[in-house]
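Each residue of the sequence shown is one higher than the one before, starting from 1 at the first, in my numbering.
Quick caveat, the hints were computed from the structure, so don't treat them as lab data.
Check the hints yourself; a few may be wrong.
[As the list claims (entries may be wrong)] Calculated pairs, SDA-like style, for lysine to any residue (alpha carbon to alpha carbon, straight line, at most 20 Å):
| hint | residue 1 | residue 2 |
| --- | --- | --- |
| 1 | K323 | L379 |
| 2 | K307 | F252 |
| 3 | K251 | H266 |
| 4 | K116 | L129 |
| 5 | K435 | L450 |
| 6 | K259 | I314 |
| 7 | K308 | H266 |
| 8 | K51 | K192 |
| 9 | K387 | R370 |
| 10 | K307 | G371 |
| 11 | K259 | L330 |
| 12 | K80 | L129 |
| 13 | K170 | Q239 |
| 14 | K49 | T60 |
| 15 | K253 | K311 |
| 16 | K332 | L379 |
| 17 | K259 | T247 |
| 18 | K377 | K435 |
| 19 | K308 | T247 |
| 20 | K115 | Q161 |
| 21 | K253 | N440 |
| 22 | K90 | K170 |
| 23 | K259 | Q388 |
| 24 | K179 | S101 |
| 25 | K435 | P447 |
| 26 | K323 | K308 |
| 27 | K49 | D94 |
| 28 | K435 | Y445 |
| 29 | K408 | K377 |
| 30 | K19 | T32 |
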Amino acid sequence: MVTAPLAPRVKKTEETYQKVTQIEHIVKRPDTYIGSVQVVNDARWVFDKNKEAMTHRLVTFVPGLYKIFDEILVNAADNKIRDPSMDTIKVTIDAADNTISIHNNGQGIPVEVHKKENVYVPELIFGHLLTSSNYDDDEKKVTGGRNGYGAKLYIMGQMSQPKLTTASKKEDFTRITFKPDLGKFGMTTIDKDTEALLVKLVYDLAGSEDEGTKPTLITKILTIDGKLVFASVMGPTDQLVREITETIKKKFKQITPPKPSQIKNHLWIFLNCLIENLAFDSQTKDTLTLQRSAFGSTAVLSDAFVKKMLKTNIIDNIAKLMKVKQEQQLRKTDGWYSKWVKVYIDSNGRRFCKGIGCQRVVNCWKRSFRGISLRGKLLNVREANLKQVSENQEINNIKQILGLQHRKEYKGTESLRYGSLMVMTDQDHDSSHIKGLLINFLEHYYPSLLKLSGFLFEFITPIVKNMKHGKRPTTVEKARISNTTRIWARALATTLENNNIAH
Numbered sequence: 001m002v003t004a005p006l007a008p009r010v011k012k013t014e015e016t017y018q019k020v021t022q023i024e025h026i027v028k029r030p031d032t033y034i035g036s037v038q039v040v041n042d043a044r045w046v047f048d049k050n051k052e053a054m055t056h057r058l059v060t061f062v063p064g065l066y067k068i069f070d071e072i073l074v075n076a077a078d079n080k081i082r083d084p085s086m087d088t089i090k091v092t093i094d095a096a097d098n099t100i101s102i103h104n105n106g107q108g109i110p111v112e113v114h115k116k117e118n119v120y121v122p123e124l125i126f127g128h129l130l131t132s133s134n135y136d137d138d139e140k141k142v143t144g145g146r147n148g149y150g151a152k153l154y155i156m157g158q159m160s161q162p163k164l165t166t167a168s169k170k171e172d173f174t175r176i177t178f179k180p181d182l183g184k185f186g187m188t189t190i191d192k193d194t195e196a197l198l199v200k201l202v203y204d205l206a207g208s209e210d211e212g213t214k215p216t217l218i219t220k221i222l223t224i225d226g227k228l229v230f231a232s233v234m235g236p237t238d239q240l241v242r243e244i245t246e247t248i249k250k251k252f253k254q255i256t257p258p259k260p261s262q263i264k265n266h267l268w269i270f271l272n273c274l275i276e277n278l279a280f281d282s283q284t285k286d287t288l289t290l291q292r293s294a295f296g297s298t299a300v301l302s303d304a305f306v307k308k309m310l311k312t313n314i315i316d317n318i319a320k321l322m323k324v325k326q327e328q329q330l331r332k333t334d335g336w337y338s339k340w341v342k343v344y345i346d347s348n349g350r351r352f353c354k355g356i357g358c359q360r361v362v363n364c365w366k367r368s369f370r371g372i373s374l375r376g377k378l379l380n381v382r383e384a385n386l387k388q389v390s391e392n393q394e395i396n397n398i399k400q401i402l403g404l405q406h407r408k409e410y411k412g413t414e415s416l417r418y419g420s421l422m423v424m425t426d427q428d429h430d431s432s433h434i435k436g437l438l439i440n441f442l443e444h445y446y447p448s449l450l451k452l453s454g455f456l457f458e459f460i461t462p463i464v465k466n467m468k469h470g471k472r473p474t475t476v477e478k479a480r481i482s483n484t485t486r487i488w489a490r491a492l493a494t495t496l497e498n499n500n501i502a503h
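Could you put the whole structure together from the sequences, leaning on the hints where they help?
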C-alpha cells in the first residue's frame, strides 16, 4: 500500500519573518563578524616548532576561531599606541584546558562605573556591542579597532558578577582569559595545525612591535596566518620587481626579461605598516580598502635592503626558470618537418661554380644535396636573447632542414636528415662574416657536431681567376684573399697581358 506524502506544514507569518537581537544574529550568522566557522583547508605560513622556522604548507583550521584570538591580540598590541611605556605582551595557551590568556602591561582599563551608561567600564567595552574608543573620525588613528565589535565577539556567552580586589602591585596591566566554545567550530580540541597558526601570529606580533616591546609565548599554541591582505600596498613590490628586472637584464643578457607577474611568483613580502584610519571590506578585516593616498605614510625600501635582497639566490632562481621556459620554446622549432621550407631549394637552374671539377659537384648535388639560401647575415646567437633566437626564421629553417634537436649532443649524424653541411659563400669580408656566424651558431648550440669528422665543409670560391688564352685553360691560378690578390698580381705583371682575368 502506497501512502501519499504529507503536505508540508504552512508556516505562520510570524514564523516566516523574524526579528532577532544583535547578539542572536552574531550567534546565528557568525560568518558576518568572525568569518567561517567551518573547517577549511588552505596554504598558510605557520611556525614549525621542530625546525624553529616559518614554513608554508597546507593546514586545516577554522577561520572564525582564529579571528576571535586575533581580536584580543590586536587589542593588546594597540595599547602600545595609547601607552608607549608598555613593553610586555604575554600569551598563554593551555590546549588541555582549552584556555587562552593574553596579558599586556602598561596603562590598564579604568575600573570604575561609567557615569552615562551606569556600568563598569570593563563590562561596557567587553560586554556591550558597538562600544569603542575609535568613533572620532576627525582623529587620526593607527590602531586595529574600528566598528565596536572586536573583543565582544569572543564572549557571546554567560556573564557573572565582577570580582573586585585591591591590586598588590603598582604596575598596571590587562589580562584577558577566555575558553572558546570549540563545539561551535566543529572542534573538540585545539589541534596541531591551529596551534602552528596561532604561534605564527604571535611571531608576527613580535616582528611588528618595536624593540622595546617583548611578546612572549608562554605555552604551546598560537594561530593562523594573521595577515591582512593589503590589496593597495604595491609600492614595495613594484620597487623590488624593477630592481630584479634590471639586474637580470644586466647579468643574463641572453634571457628575455621576465614579466612582473613572473617575478612576483617568487616573492613573499611582509610589511609592518602603521596606517591611519583603517577601512576594511568587512568585520573580518581580511582586505584593506583604504586608498593608498590616505595611508598617512609611504613604504619605500632602503637601498641597503634592496642590495641585500639582490644578493640572495632569487636572481639566479628566476633566471634559471626563465631560461628553462625559453629553451622549451626553442625546442618547438626542432627540425623534423617533412615539408620544404620556402627558401629550401634544389640545384635545378642554379650554378654555383664553373669548371670540370665543380661540374662533378653540381651533378652530385642534383642527386643528394639540398640548399638553403640565407638572407643576409645570420643572427649572432651569443649576443641575442633566447626569444630572439626562437623567433629568427633563418635559424629555424636551418634547424628544420637538418633535423636539429635543441642542445642535443650528437655522437653521429644518423639522426639528422643530412650527413654533412657545406658552407658556400664568396670570399669577401661580408661573406666570411656570414660563414663565421653560421659556425658560431653550431658551436654555441651543437658543439658536438663540429667534432664529427666530415660534418662541416667549406666550398671555396675565388675572388680573382687568371686563365691563359686558349680553348681549354691549361693553367688556372686563383687568389682568394684581397691582399694575396694584389701581391699575386704584381708578381705576374709581365704575363697578365696574355691572360684572361675573371672576377
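Practice item. Could you tell me which of the numbered hints above are not met by this structure, giving the numbers in increasing order? Key: 9, 10, 12, 13, 26, 29
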